[in-house]
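Using mature numbering (1 follows the signal peptide of the UniProt record, and there is no 0), the letters of the sequence shown map in sequence onto residues -21 to -1, 1 to 798.
Because the hints were derived from the structure by calculation, they are not lab data.
Just so you know, these numbers come straight off a predicted model, no measurement behind them.
A few of these clues could be false.
[As the list claims (entries may be wrong)] Across the chosen pairs, the derived CB separations fall in these ranges:
#: 1; residue 1: 539; residue 2: 209; range: 20 to 26 Å
#: 2; residue 1: 476; residue 2: 722; range: 48 to 54 Å
#: 3; residue 1: 690; residue 2: 474; range: 25 to 31 Å
[Unchecked claim] Derived pair list, reagent style DSS-like, types lysine-lysine, alpha-carbon separation capped at 30 Å:
#: 4; residue 1: 272; residue 2: 183
#: 5; residue 1: 408; residue 2: 355
#: 6; residue 1: 272; residue 2: 182
#: 7; residue 1: 408; residue 2: 440
#: 8; residue 1: 440; residue 2: 407
#: 9; residue 1: 353; residue 2: 372
#: 10; residue 1: 147; residue 2: 157
A virtual CB, placed ideally from N, CA and C, is assigned to each residue, including glycine.
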Amino acid sequence: MAAPAALFSITLFTILTFTTAADTIAVNQTLTDDGQTIVSPQQTFELGFFSPTNTTTNRYLGIWYKTLAAGTVAWVANRETPINNTSGELTLHSDGILVLRDSNTDRIIWSSSSFSTVENPVGKLLDTGNFMVGGAGAGAGEDYVWQSFDHPTDSFLPDMKFGRNLKKRVVTNFTSWKSDDDPAKGEFSVYMDFNGLPQVYQKKGDEIQYRLGSWNGLRFTGMPSLKENPIFTFEHVSNDDEIYYKFELIDRSVLTRMQLTPVGDMVRLNWISRTGGWFLFSTPTVDNCVRYKLCGAYGSCDIEQSPSCGCLRGFTPKNPGEWGVSDWSGGCRREIELDCGPREGFRLYSSVKLPDTRGSWFDPNMTLRQCEVKCKSECNCTAYSSLDIKYNKGCLLWYDELIDMRTYSDAGQDIYIRLAGDEIEKDKKTSRRKKKVRMIVIPVMVGLTVLLGVCLLMVLKRRKLKSQGRRDSIAKDREESQIYESRDNDLDLPLFSLSTLLSATNNFSFNNKLGEGGFGPVYKGFLDDGREIAVKRLSESSTQGVEEFKNEVIFISKLQHRNLVRILGCCVEGQEKMLVYEYMPNKGLDLFLFQEAKRKTLDWAQRFHIINGIARGLLYLHQDSRLRIIHRDLKAANILLDHDMNPKISDFGMARSFGGNDNETNTNRVVGTYGYMSPEYAGDGIFSVKSDVFSFGVLVLEIVSGQRNRGFFHQEHHHNLLGHAWRLYKEEKTLELVDASLDGSTSEVLRSIHVALLCVQNNPDNRPIMSTVIMMLSSDGSLPEPTQPGFYTEDTKFGPRILLVCEQKSQVMKLPLHF
């Protein structure tokens, strides 16, 4: 949000209250637009008159941050009716009503309301940013007759209640500004609907855009990113007097707020003092599946599938022709209609966003079993679910068609949907079949396991007498068995048969070969359903082995992000080990950057889009994924491009995950690609998220220049690309680094190079984390000065060699590393 213009000459007060003891208001009981303001006790917030940056005439009464984040407006009183001069006066009347008027014309511009009266009312600006009118002893509790927190504009602040207060007849909604410089109501709003189980929606005009869902005891059902964190706590309260959601700061020195922006983004922002700007901390998941009612009735959206919409099991498209052209709004119908017969029952659907709860019924005191009995006893009940998944209690019933559902990987919940007796019988037959199979298979498998165990012991004893090569073979077999164990215990990944992949790739023909890396060759293929796939096949001579194969399967199967390549399955048969991915028609970024003909087709807008996409993918790996992953081999060849040139990070064979609050670790086995490795990793085997940040910085410099870091040559010196970029930066000739074929925003290009140099600094502590990188790329604020990169090359009598700069206490040593 743009800051207001100069806020006039400000007179500070420790705390200013203005009171009335009679019907007539004295001058010193009126706040005027003459530089006078009200300041909260700790001087966090300030109330007064301001003008947006685009005008010097329109004046508004508002509350803004005073010291940190100075000028960021948090609340506006007269957002629809600005004062066109500096003659505004705010007066508190004896009945507790605030009146804002134009003293030149005596016209009332805005006034507050009051649900009760109080003697000798007092207006106070609290440290929370809440302007409250109450009795002389009124604090931050409920003893007030009016408060600004009950009438928010576009900002949701700590301690503010979002919801409804029946006693005070208050409902809070948020409405965006019309633009960054116009606080009038914009077209976007966020509100809580109280029909049925209360839930949160976002609208654009009169049309619902997103449904953030109802409260399930842990979070809103449409906000999987709302989790426990070290910055704030949150709660949802529902009783006879009020229903609301609010969050509170753990550390009161932190500035955080939620804002509905003029373009409709609901974002959480944290103030970073070091950079002097707001940092994007989180935003609700925004993908195609958040669109309200995208898949119609009884349809469910899965962002990891193509097409995204599908009918729930037991349902079929109402209009198959429309579904064929990706118009899913007609929804689905039951394959077998209900008849309210005794054979009807419920089928469990797991990991879903619960459907729209308008018109639903709920009881917080019932058990799930009681919920099932009640739903089955009412013929018009279509589904039931637990109301509170935190404590596994409560009952939620639906009586209408189920709309706006989607699948989540780790934040969904269970719902039981009513189906006809024949559908339930199918489930029972399937269950009986599985039970019979288990009764036969388990004893046989146990017997075979014992037999195989005895045989294995005998074989191992014999093989101990043979060569080391034979022992290596046994170790390899053991590793392969671990792949199956990991698949059974950790993964939910489809298995492809060898015959299926042979057919898809035309027996791995040379014409289908896309390329080859350390893992082995990669082939293009077509499945029977028409999907294009890429098959990565581990070769016998591969520099990577079973461990890397297992590593990639485990990691990437649990990751879901638009900037990560999506794995479709794997194949492990005999000596064959293969990974099956979605096909990327534009292949690797290296093919575009380092081939002159293709490089000229990559304009700056596309390159900047790719840089930001890679950054978002890394942020997900480092911070937002449940595994907290370090990639360790980030390079241009491992960035794949889809049909729309969206970047997808691939190749997780070298990746490692961190647990708990670990920040770094080390390894005796340094893997990756020289030229992209950070100094501390290449030299000491120490890796952390900052190792990936270093690789990202190298990659950004390659994207901007179109040159490889390793193998870069300049006629005037022997620096590599990092050293060349650093040299140009110090000489204020940064633009000479830019690919000559580029035409674009000079400021964006220079900012990208500056951020890249910050990422490749020698000391990992000096490198920014990826969330800061994204903020720096997207903002126009000042950036810190970078220091010398960790790797650079220098001309010596022995010729060019790569040097590692190591800082130890007060000394700097340069150690040659001959790669």
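Hint by hint, here is what the structure shows:
no.	hint	verdict
1	539 - 209: 20 to 26 Å	holds (24 Å)
2	476 - 722: 48 to 54 Å	holds (50 Å)
3	690 - 474: 25 to 31 Å	violated (41 Å)
4	272 - 183	holds (15 Å)
5	408 - 355	holds (21 Å)
6	272 - 182	holds (13 Å)
7	408 - 440	violated (47 Å)
8	440 - 407	violated (48 Å)
9	353 - 372	holds (15 Å)
10	147 - 157	holds (29 Å)
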